[in-house]
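S.K.: Going down the list, the protein sequences come from chains Y and V. Take the first sequence: its position 188, counting from 1, is numbered 191 in this note's numbering, and each next residue is one higher. Take the second sequence: its position 11, counting from 1, is numbered 14 in this note's numbering, and each next residue is one higher.
No lab work stands behind these hints: they were computed from the structure. A few of these clues could be false.
Repeated chains share a single entry, so a pair holds when one copy, or any two copies, can fit it.
[As the list claims (entries may be wrong)] Capping the alpha-carbon separation at 30 Å, the derived lysine-lysine pairs in DSBU-like fashion look like this:
1) Lys138 <-> Lys91
2) Lys404 <-> Lys31
3) Lys491 <-> Lys404
4) Lys231 <-> Lys31
5) Lys474 <-> Lys82
6) Lys31 <-> Lys402
7) Lys11 <-> Lys442
8) Lys361 <-> Lys298
9) Lys91 <-> Lys313
10) Lys429 <-> Lys484
11) Lys314 <-> Lys161
12) Lys6 <-> Lys165
13) Lys254 <-> Lys10
14) Lys378 <-> Lys305
15) Lys442 <-> Lys10
16) Lys254 <-> Lys320
2 protein chains.
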Amino acid sequence: MVKLGVKKLGLSTGGPLIGILNEEDARKLGIYAADRIRVRQGKKEISVLIDVAENHNIKPGMIGLFDEVIRELNLDGNKVVHASVQNKPESLAFIKEKLDGKELSKDKINCIVSDIVENRLSEVEVGFFVSGCYKYNLNLNEISYLTQAIVNNSQTIKFKGKTVDKHCTGGIPANRTTMVVIPIVAAAGYTIPKTSSRAITSPSGTADVMEVLAPVDLSRERIIQAVKKTNGCMVWGGALDLASADDRIIKIERVLSLDPEGMLLSSIMAKKKAVNANYVLIDIPVGEEAKIKTKKRAVRLKRKFIKLGKKLGMKVKVMISNGEQPVGNGVGPALEARDVMSVLAGDGPNDLKEKSIKIAGSIFSMVGMWNGEKKAREILESGQALEKMQEIIKAQGGKIKEIEAGRFRYSVKSPRSGVVKKISNKNINTVCRILGCPKDKKAGLYLNFKLNNKVKRGQEIFSIYAESKAKLDYGIEFLNKNKIMEIK
Amino acid sequence: MVKLGVKKLGLSTGGPLIGILNEEDARKLGIYAADRIRVRQGKKEISVLIDVAENHNIKPGMIGLFDEVIRELNLDGNKVVHASVQNKPESLAFIKEKLDGKELSKDKINCIVSDIVENRLSEVEVGFFVSGCYKYNLNLNEISYLTQAIVNNSQTIKFKGKTVDKHCTGGIPANRTTMVVIPIVAAAGYTIPKTSSRAITSPSGTADVMEVLAPVDLSRERIIQAVKKTNGCMVWGGALDLASADDRIIKIERVLSLDPEGMLLSSIMAKKKAVNANYVLIDIPVGEEAKIKTKKRAVRLKRKFIKLGKKLGMKVKVMISNGEQPVGNGVGPALEARDVMSVLAGDGPNDLKEKSIKIAGSIFSMVGMWNGEKKAREILESGQALEKMQEIIKAQGGKIKEIEAGRFRYSVKSPRSGVVKKISNKNINTVCRILGCPKDKKAGLYLNFKLNNKVKRGQEIFSIYAESKAKLDYGIEFLNKNKIMEIK
């Protein structure tokens, strides 16, 4: 046990609890970077990951502490802590087992997840867990343990009665069915508390699009309030502490764009389980540029989703859909929100309307309705869904208003007559990012034609929008070198 | 391109170049933790890994920079940098390939290693590389590419004529043959510039033991000087920039005590190649508690060492030795140094003497001598090796002096008459660490008997040494619960 003076680093990165020792002290304690020490102040004692300073800003006898550590130890007034060597957490042995290809028990997986949530593991250590799961796919038992462990170590929300949820594996631009489906389902009286993500590499996530209409970073209490009032909500999952283990795992997966199948399944299902959904519809768009690229993989995933649902006591239905092109015409937060609102108003892109009806209808059948799709169509076409959407927008603190697209617009005309043979999701994504999506809400791209449509020479085939002239120019520059549509 | 104010964090951890952005700015730039940005100041431009701050110490419009970044950019006076989004380094794609089980080309491995040395990869990213190599063992081509890449991205030293080297895979306490072998070989006129490691989990590394006699953290220039004068040296490899990629990889391996075979081989051979050794003798002790636990694994490793040597243009000889117990009687820096010096003086533990002669003799045969072992024995027994050792100690800046053991001593007597059936290397390691090794140079354990020796009841079988009463007591406490020797 040694006494160390505290140097507050004034830094916080939301990661594990970190302390920085002088090289000399580390050597005296027999400690190496990535080892742990126990730090005590009064009756509070916590485990801290050690980094070793190579320069002289942390003097011998001092320990540099990140804000999280200061907070956990209530260190405000105190200038001295007691430190002793701490063994590595047990979960590391289990992570090694996975890296060796062994099957992990429920308790072991729970131990790993709880250490991840409590920030007891370094990023490298979580990385080794991801590697193990990437190489040796988790089996169905392990996936269900992982899902439950994420939920057990998470905030949860529970509503009375039948709670339904939906999810799309994604990867194609637009495809904003969620925002049509939720109002339909909620209007029918079912509880559907939907949490969504923001865009990571795509031009917009559902949370980004909904944010055009209403705030999405609601607290747990405000979500409960909103859902009690309207049956549904569309909020950003990141504002809650739902499935936070999963968020930390995803952060590490992003480093190499790894997405081990077991982790994909548990990630999705944990978010549904955390809102206590009993009925879950999963949409798997299949396409060359979608997340799931082949029918075969989609079918395999479908089976696993259904089996996993059974293990978790949830009814799961999976829809495999066409992921060759965007659903709807607009891409980018405002343009997608406009598509959604016009479908709800009885107009708008037909593919978005029909796919939403199909999804809502499937959900209705799942909860036991006789002719689900017919019911979904009725609710949409009668205007009840629009009314419900307006309620939800208000309940989340938004206002009903006209949706504007970016002030700077550039349109592209067809160089020939023919048929649309290909639409590049990848280039749509890239140009939308260049135009400013998702930060610039009004930026984006609008397709006048979709696959297999006939086009005449000189007709406008699509246009791009930006909030500044400079960004529009960057977008045009990209279009000069890259194709959005192939017409033959 | 955005302008950011610089906040100097006054921190350096010897790791990758890191900058910390405010959450808001990160979102605006579309950047996530572990992404990279290019930071420019004047004509200097570098790539920086981003961490995202969750608190308000890094205000919007600011970037917190670690000392390494400040230094690289010559930022001393300047308060503003220009930042833009930077693609991930190409090496990440190659790391992913390895994680997918693909064979890596020479260029790809070189690209990964160079990015590791240049601190362009985060620890998580290096961790993924280690995972890939752990799971899919590198094949012989890949191992030789990895070795060469480590050497290409390293400082090197070259001497004229035949340069020899030795290495022991280790894992058992003591076994300080190096310090007997080097003077023998150097006395015969061969160049043998030996770099060693410090203890990581063992009570002492060769560098720790040599440090009892002379400084071991010599600069490259002083090593060259010393070797020119005496033909040999025994220095700490860490003070040089030899094979620094390897050091970074080892740091990550330590997290889960991973040691992929391919990386083990390249790690050892790169250090030999970096001093341009043409002849290398590898000693593989085999024992339950040694690093290499079975004869079978040792034989496989032996074959790989020899083949790898051929690919690298080095002559390699491998000796498989008995790793059941310490070589010599003392364990701990001072006690091991005492064993070494008394063997050189014509006395000392016989096993240490004979093993050293065998190793030196093998080296002599390798370089073409007729009766190597006889020659080695002559040099040792004639006192030439002791003389050479004294030269080397002086050349490294040490003084010839009496070696003292710890002031606090406790001895253990045999409870019965019988034969020593087992010696626990693991418990010897642990008690020595408890006693203060390797930091407390004079701490350690001394064995009066070795395997198969006959012991009478009441005879002193071993003793422990410490520099403080408290540590001795901790050691005794451990001995009360754990056995060092089994006598039957």
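S.K.: Could you run down the list of hints and mark each one as holding or not?
M.R.: Status of the hints after comparison with the structure:
1. In this assembly of identical chains, Lys138 and Lys91 lie within 30 Å of each other by CA distance both inside one copy and across copies; the values are 24 Å within and 23 Å between.
2. Taking the closest pair of Cα atoms, Lys404 and Lys31 come within 30 Å of each other only across two copies (25 Å); inside a single copy the shortest separation is 66 Å, beyond that limit.
3. Taking identical chains as interchangeable, the C-alpha atoms of Lys491 and Lys404 are never at most 30 Å apart, the minima being 40 Å within one chain and 90 Å between chains.
4. Within a single copy, Lys231 and Lys31 get their C-alpha atoms no closer than 59 Å, and across copies no closer than 34 Å, so neither meets the 30 Å cut-off.
5. For a Cα distance limit of 30 Å, the shortest separation of Lys474 from Lys82 across copies, 28 Å, qualifies, whereas the shortest one inside one copy, 51 Å, does not.
6. When the C-alpha separation of Lys31 and Lys402 is checked against a cutoff of 30 Å, the pair qualifies only between copies, where the shortest distance is 25 Å, while the shortest distance within a copy is 62 Å.
7. For the identical chains of this complex, Lys11 and Lys442 are inter-copy neighbours only, at 28 Å across copies versus 34 Å inside a copy, given an alpha-carbon limit of 30 Å.
8. For a Cα distance limit of 30 Å, the shortest separation of Lys361 from Lys298 inside one copy, 19 Å, qualifies, whereas the shortest one across copies, 65 Å, does not.
9. Proximity of Lys91 and Lys313 under a CA criterion of 30 Å is satisfied in neither setting, with 36 Å inside one chain copy and 40 Å between copies.
10. Taking CA atoms no more than 30 Å apart as the test, Lys429 paired with Lys484 passes inside one copy only; the shortest distance there is 14 Å, against 65 Å between copies.
11. Proximity of Lys314 and Lys161 under a CA criterion of 30 Å is satisfied intra-copy only: 19 Å inside one chain copy versus 64 Å between copies.
12. Taking the closest pair of Cα atoms, Lys6 and Lys165 never come within 30 Å of each other, the shortest separation being 57 Å inside a single copy and 52 Å across copies.
13. With identical chains, the CA atoms of Lys254 and Lys10 are at most 30 Å apart both within one copy (29 Å) and between copies (25 Å).
14. In this assembly of identical chains, Lys378 and Lys305 lie within 30 Å of each other by CA distance solely inside one copy; the values are 25 Å within and 74 Å between copies.
15. Proximity of Lys442 to Lys10 under the C-alpha cut-off of 30 Å is restricted to the inter-copy arrangement: shortest distance 25 Å between copies versus 37 Å within a copy.
16. Proximity of Lys254 to Lys320 under the C-alpha cut-off of 30 Å is restricted to the intra-copy arrangement: shortest distance 28 Å within a copy versus 47 Å between copies.
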